[in-house]
Amino acid sequence: MPIHEKSLIRPENLRVHDKLVLDGIDVSGHWSTFVEPRVVTDYNERLQEEIAALPGGEHIHRCWQCGSCTNSCTVNAVNPDFNPRYWIYLIRMGMESELLRDKEIIWQCVSCNKCTYACPRDVFPEGVMKATAHWLELEGHTPQSKSSMFDAEFTEQVVATGKIEEGRIIRGFFKRSGQPLMQPWLIEMAKRLARHLPLKMGFLMGIAAVVRPRTRGWGRAKAALEDYIAGQERAQKSALGLGAPVAPAKGAVHAAPGAER
Amino acid sequence: MTQPVLIVGGGPAGLAAVAALASVGQESVLVDKEARLGGAPILSGYAKLVPSGEWAKDAIGGMVSGVERDPKVRRRLGCTVTAFDGEPGAFRATLSDGSAVDASAAILCTGFTHFDSINKPEWGFGAFPDVVTTTQVEQMISSGRGIACPSDGRKPERVAILLCVGSRDRQIGREWCSKICCTVSCNIAMEIREALPDCHVYIYYMDIRTYGLYETNYYWKSQEEFKVKYIKARIAEVTSDGHRLIVKGEDTLVKRPITIPFDMVVHAIGMDPNVDNRTLSSVFGVALQPQGFIGRANAYTTLGETSRPGVFVAGAATGPETIDDSIAQARAAAFAAYALAQRARAPAHAA
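Protein chains in written order, with our numbering: chain A, 8 to 268; chain U, 679 to 1029.
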């Protein structure tokens, strides 16, 4: 009998025996392929709560597996293994080991949000993908992505000064991500800037690169932002059981369970 | 002499209510905005009804002719109620033709409005003539023309029925299950298979809600006897290759993308609140539920009470409802209205 939906069976679970006789019946060869059962040995019953505690994952509990996210997905059209509906199922059931098998593709979501506008229950699958990628990083399953390195550099500068300075961000990002600063496209851009930028703007850019201007009266805003971000990070780590458990910080958005409409 | 009971809406519920009142000698006035009685089953041309299998024109048509013959029923067709004043036992309704009707009570049997599939453009209705609604398929059957693709009249070889069109969908603000479409779709699928035995019928579902005994008589029967195929998938889009319709989605149970040609795609459209519900709410002073259907004051003691004493409600006006349950609710509401009419008469009689 042919094996239906062979694509659902992992190659290592397909067993073909060169020579095997069972109860006097020859079952050798490809025509009598055996399938090793896939056994679920444990559930991580907290997995759904962990994802829900991260920004974007709040509404994962609404999913009823219709598949609208997957079939509207930009990435799925290119790579059928990119399947948000399936991952949401794994997370809700707590099948962590299955989820981790796909850790190298989950982050590939391009945030086009087609799923957001297809989902009949407002699960916000794009947010769930973001939360799951974040979870993989926090749990140390995947290295920090370049985009989160960029986000970190950007955020730190805003928090520090209330402003961003592009040259500084590029330098900081390249440093974090281990990229050389002297990249051909960047050198070319600097040359052309030097040639074409009005003198006054070039002068201002130069000053900004050296003195690092700050928004006036930034101190209080900075303190509030730092407090908020630290609270968010504490609450997220606490939800994931990382670090010392602490009470959710005041104002931590995700600490209030997503209001079910 | 009691005042008549005002019945608004002449569909299955309204017809059942006036018939029930007439059976105990209570007069009623039946108002309908359409020029013809029968409501959705007649005006939209339904074919065979669930669960009896009787033709709508016989079953509901029979109720209409019974009411038309009944001397206890005054019919005011092509009319709406524009004002409704007074109190239980002594209401006065003003109709759109300027006339007034005194009534002891009122029963709103104002039903629902079919969901307009144009509000889910990704599923091709309005763009491709061979994308139709369950109502249109009912009309194909009830008119005797048979199942045919509207574009060129050919007999379809493959039909897809998409469930939950206009139901259970936050994207379009319709969070309710319309209750009847699963069973209606099973019924239609069997009728298509019966009429066109070589036609393959696929039903794309999120859940199958053929509740109660419909499970055996519709869901199982359609699978076991009529070989209708059920696929757990919500379709992403319906497009066309110029000749046939192309249905795209994910078969979620086998985790595999679907891109399949069909000759005809049927939307199993849900039940919206009647488009006139806001007007009805303001004219009759009755509260609506958050979803827009008319609210019921309580679920158990008197099934059909609204937020306004003396104004009752029955059938799909209160939410998606089957024809037989609408009729049962209408008879319950008629009983409550009759009791009110009798109580209203008592003091005058004693005086």
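Hints may be right or wrong, so weigh each one.
Straight line, CA to CA, 30 Å or less: simulated BS3-like cross-link-like pairs of lysine-lysine [what the hints assert, rightly or not]:
no.: 1; chain 1: U; residue 1: 726; chain 2: A; residue 2: 121
no.: 2; chain 1: A; residue 1: 121; chain 2: U; residue 2: 926
no.: 3; chain 1: U; residue 1: 857; chain 2: A; residue 2: 110
no.: 4; chain 1: U; residue 1: 750; chain 2: U; residue 2: 833
no.: 5; chain 1: A; residue 1: 121; chain 2: U; residue 2: 833
no.: 6; chain 1: U; residue 1: 910; chain 2: A; residue 2: 110
no.: 7; chain 1: A; residue 1: 13; chain 2: U; residue 2: 833
no.: 8; chain 1: A; residue 1: 137; chain 2: U; residue 2: 750
no.: 9; chain 1: A; residue 1: 13; chain 2: U; residue 2: 933
no.: 10; chain 1: U; residue 1: 905; chain 2: A; residue 2: 121
no.: 11; chain 1: U; residue 1: 750; chain 2: U; residue 2: 857
no.: 12; chain 1: U; residue 1: 857; chain 2: U; residue 2: 926
no.: 13; chain 1: U; residue 1: 910; chain 2: U; residue 2: 857
no.: 14; chain 1: A; residue 1: 110; chain 2: U; residue 2: 905
no.: 15; chain 1: A; residue 1: 207; chain 2: A; residue 2: 182
no.: 16; chain 1: A; residue 1: 26; chain 2: U; residue 2: 926
no.: 17; chain 1: U; residue 1: 857; chain 2: A; residue 2: 13
no.: 18; chain 1: U; residue 1: 926; chain 2: A; residue 2: 137
no.: 19; chain 1: A; residue 1: 182; chain 2: U; residue 2: 926
no.: 20; chain 1: A; residue 1: 137; chain 2: U; residue 2: 910
Honestly, the hints are just simulated from the structure, not real lab data. Bear in mind the structure is a predicted one, so any value in this text is a computation, not a measurement.
Status of each hint after checking the structure:
Between residue 726 (chain U) and residue 121 (chain A) the alpha-carbon distance is near 40 Å, which puts this suggested pair outside the 30 Å criterion. At roughly 15 Å between alpha-carbon atoms, residue 121 (chain A) and residue 926 (chain U) fall within 30 Å of each other, so this suggested pair holds. At most 30 Å may separate the alpha-carbon atoms for a hinted pair to count; residue 857 (chain U) and residue 110 (chain A) exceed this at roughly 40 Å. At most 30 Å may separate the alpha-carbon atoms for a hinted pair to count; residue 750 (chain U) and residue 833 (chain U) exceed this at roughly 48 Å.
Between residue 121 (chain A) and residue 833 (chain U) the alpha-carbon distance is near 35 Å, which puts this suggested pair outside the 30 Å criterion. Under the criterion of a C-alpha separation no larger than 30 Å, the hint pairing residue 910 (chain U) with residue 110 (chain A) is consistent with the structure, at around 26 Å. Using a Cα cut-off of 30 Å, the hinted pair residue 13 (chain A) and residue 833 (chain U) is violated, with the two alpha carbons roughly 35 Å apart. The suggested pairing of residue 137 (chain A) with residue 750 (chain U) is violated, with an alpha-carbon distance near 67 Å, which exceeds 30 Å.
This hinted pair checks out: residue 13 (chain A) and residue 933 (chain U) have alpha carbons roughly 11 Å apart, not beyond 30 Å. In summary, the hint linking residue 905 (chain U) to residue 121 (chain A) is not supported, as the alpha carbons are separated by about 35 Å, beyond the 30 Å threshold. About 34 Å separates the Cα atoms of residue 750 (chain U) and residue 857 (chain U), which puts this hinted pair outside 30 Å; it is violated. The straight-line distance between the Cα atoms of residue 857 (chain U) and residue 926 (chain U) is roughly 25 Å, inside the 30 Å bound, and the hint therefore holds.
The suggested pairing of residue 910 (chain U) with residue 857 (chain U) holds, with an alpha-carbon distance near 18 Å, which does not exceed 30 Å. A threshold of 30 Å between alpha carbons decides the hint, and for residue 110 (chain A) with residue 905 (chain U) the separation of about 41 Å lies outside it, so the pair is violated. Distance hint between residue 207 (chain A) and residue 182 (chain A) is fulfilled; the C-alpha atoms sit about 29 Å from each other, no more than 30 Å. This hinted pair does not check out: residue 26 (chain A) and residue 926 (chain U) have alpha carbons roughly 44 Å apart, beyond 30 Å.
For the proposed pair residue 857 (chain U) and residue 13 (chain A), the alpha carbon gap of about 37 Å is over 30 Å, so the pair is violated. Among the hinted pairs, residue 926 (chain U) with residue 137 (chain A) is consistent with the structure: their alpha-carbon atoms are about 26 Å apart, no more than 30 Å. A distance of roughly 45 Å separates the Cα atoms of residue 182 (chain A) and residue 926 (chain U); the hinted pair therefore is violated under the 30 Å criterion. Distance check on the hinted pair: residue 137 (chain A) and residue 910 (chain U) sit about 26 Å apart at the alpha-carbon level, within 30 Å; holds.
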